[in-house]
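K.L.:
The residues making up each chain are set out below.
Number of protein chains: 2
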Amino acid sequence: MAVNSPLPVAADLKPVNGIEIGFAEAGIKKPNRKDILVMKLADTATVAGVFTTNRFCAAPVQVSKANLAAVAAGGAPIRALVVNTGNANAGTGETGLDSANATCAALARLLDCEPHQILPFSTGVILEPLPVAKVVGALPAAIANLKADNWFNAAEAIMTTDTQPKAASRTVDICGHSVTMTGISKGAGMIRPNMATMLGYLAIDAKVSQDVLNELVKHAADHSFNCITIDGDTSTNDSFMLIATGTGSLAIANTDSTEYAELKTAVTDIARSLAQMIIRDGEGATKFITVTVEEGGNMEECRKIAYSIAHSPLVKTAFFASDPNLGRILCAIGYAGVDDLDVTKLDLYLDDVLVAKSGGRNPAYQEADGQRVMQKSEITVRVRLGRGAHSATVWTCDLSHEYVTINADYRS
Amino acid sequence: MAVNSPLPVAADLKPVNGIEIGFAEAGIKKPNRKDILVMKLADTATVAGVFTTNRFCAAPVQVSKANLAAVAAGGAPIRALVVNTGNANAGTGETGLDSANATCAALARLLDCEPHQILPFSTGVILEPLPVAKVVGALPAAIANLKADNWFNAAEAIMTTDTQPKAASRTVDICGHSVTMTGISKGAGMIRPNMATMLGYLAIDAKVSQDVLNELVKHAADHSFNCITIDGDTSTNDSFMLIATGTGSLAIANTDSTEYAELKTAVTDIARSLAQMIIRDGEGATKFITVTVEEGGNMEECRKIAYSIAHSPLVKTAFFASDPNLGRILCAIGYAGVDDLDVTKLDLYLDDVLVAKSGGRNPAYQEADGQRVMQKSEITVRVRLGRGAHSATVWTCDLSHEYVTINADYRS
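Heads up: the protein sequence lines correspond to chains L and P, in order. Counting the first sequence from 1 gives a position; the numbering used here is that position plus 4. Counting the second sequence from 1 gives a position; the numbering used here is that position plus 4.
The following block holds chain L by itself, in its conformation from the complex (with noise of 0.2 Å):
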């Protein structure tokens, strides 16, 4: 169960034009379940991601990054996403690169098109051979349901660990255009997203030009995906995709306009919302922990001691355990590697409680007040550095018996 996060329902998420999904059940890992997805774009439609930075990054990804730079460089523009879960084709060399780009021409020909028109993504197990006959076969299923509402379905099509789909919707107005985006996101282990996050997928009606779509994707992924972490672990796969159909009356082609600030800002708040379903489904979450970094000399460093929290499994089992067990996390702090922090400048709080003042324990903090926030299930941590005026937010959850069993069990 997931952290105060209701599960979405099909009615909640509304059709983007310019956008038909399809799903399919090729039985990659496991026979009668969901385990390919098809979205297929309408020619008015352009499309930016932002992928993973680890240097084993799965042979999709590859061939994702080479589609779009294919279009960048004049090439034809994308006509369709395919998603398989079950097997993440990463670590798999010279074989792995081979299916994906098998899997592309395979959806190309069903949808009279080119192979580098096709963006491909998978989700699973690491460092086994992806089964691409089966991925191949299940492809003519998944076109003969294509249709514009089929969110829902999309949402559970993407789903590994996760306990439940994630998906967010909302019609926004832009100075007097009704924009409608709708998104989906997938994740629940190996999540510290470094660049994107394993399989967000985020479409919008308005017409935005390639440039400005690149921009945008990288500021919603920066201040969303971006800022969540379960394990640490930054997977072979992440992937998030920004695609504006071009349907609507909202038109942008550069990004000094209101317009386009709105629209940013619009993005990014469902962005975020996509990113702290994952951590609201963390694998064995039962809190989900805001972590903010105030008052520091750069965001880079209020970003390392919030990760350094995040991370720290001894923090993250005294959240578990609703023990006020705080000096964890000045321990998590001291060891972040901001080599010249003066903790004698720094305070800490949980929620509205001041826990540590210059750098020791507030001479007014009881653990009755510690103790009190530690019971919640949404609890944030708040460090103020004293150095500075530049601040950093993550969110991340606990860590729990169950995240251990999940990930004891996941491959049988």
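All clues given are correct.
Any copy, or any two copies together, can satisfy a pair, since identical chains are not distinguished.
Okay, derived cross-link-like pairs now, DMTMM-like style, lysine to aspartate or glutamate, Cα gap no bigger than 25 Å in a straight line:
#1 69 <-> 346
#2 34 <-> 371
#3 308 <-> 343
#4 361 <-> 102
#5 308 <-> 344
#6 349 <-> 304
#7 349 <-> 102
#8 222 <-> 343
#9 18 <-> 263
#10 38 <-> 153
#11 151 <-> 29
#12 222 <-> 344
#13 33 <-> 371
#14 33 <-> 327
It should be emphasised that the hints constitute simulated quantities derived from the structure, not laboratory data. As the structure is a computational prediction, the values presented were derived from the model and not from experiment.
Starting from the known structure of chain L, arrange chain P on it as the hints suggest.
P.N.:
Leaving out everything else, chain P in the frame of chain L:
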């Protein structure tokens, strides 16, 4: 129960001439257990140490560093060490420094020396005031039972979540001189030493000049305690102290001799044993894992990759499950931060089994071979980078349910 690590017994531990050890029950956290240790040194002894780099380094660490600096500046030599468990005296600000200094002053009065001739150490819960009256009140009892063959009691007196005392002892021949060396260590969680470890003490009866001892302690720590990690949490209190009592026949005044080279090997070897005991007794540990990264362009990148593997919760839970889900190791290599890593030159071995070859799955690899190795309680992960001639080794353990249980319950 620790991994393949038999309990030392008192008879195994040789006294080191020039050191007397006393202990007491101060009731700092719990009644009826040894929690105070005093080590009294001969006038001929030299002492050197390395300490945590955590910016929230504990008050006793600050005082010990200052008191060693006073010796280096020509002050009177160190006469005694005092250790308490049950409270780390970290995150305690000015009050904590006062408590550490008060402890030194009280022991100095009993031993008729100056307070700066005492080195204080603490281990236990962070962010709670040290009950200094209990510590000081227990010192006379510790002094009263000072004797040379108390090493086993000393190992017990410094335990926190350790399930067993850690100690090693041997007599070695160095160029015709018999040298006795006995050491103790503690630590089972919050273990990722970065300069030293959470309390290690090693005594030898050679006569070693201060400059040489400073070099020796750093070398030994860098090749032992600084190569272990349990949970990545670099403690606020890590300290590794090397004491040369000067009572034996071996005397070393500079580093340019066969005697020194042999002593360095012997001291590093016993330090490594003490460090590895900490991993074998890691919180909840069921496996002892050696991670070796070879053929790196420099040692730093080898260490980055080794620690990335050793800290990955996904890798650690796979070891706990004896599940050869070895793609998780490739993933951890990929996000280690070696930006120009060419994975197509990389091989991965699990003991003698070649799992990944040239960055992809070894075609000859059979899951049964991986499974066979994963069943073992001692496993070596070997990564060959194909980039150069440098290497690094890190020792770690798995992540089990018991780790979560221990750290969700530690303070209760």
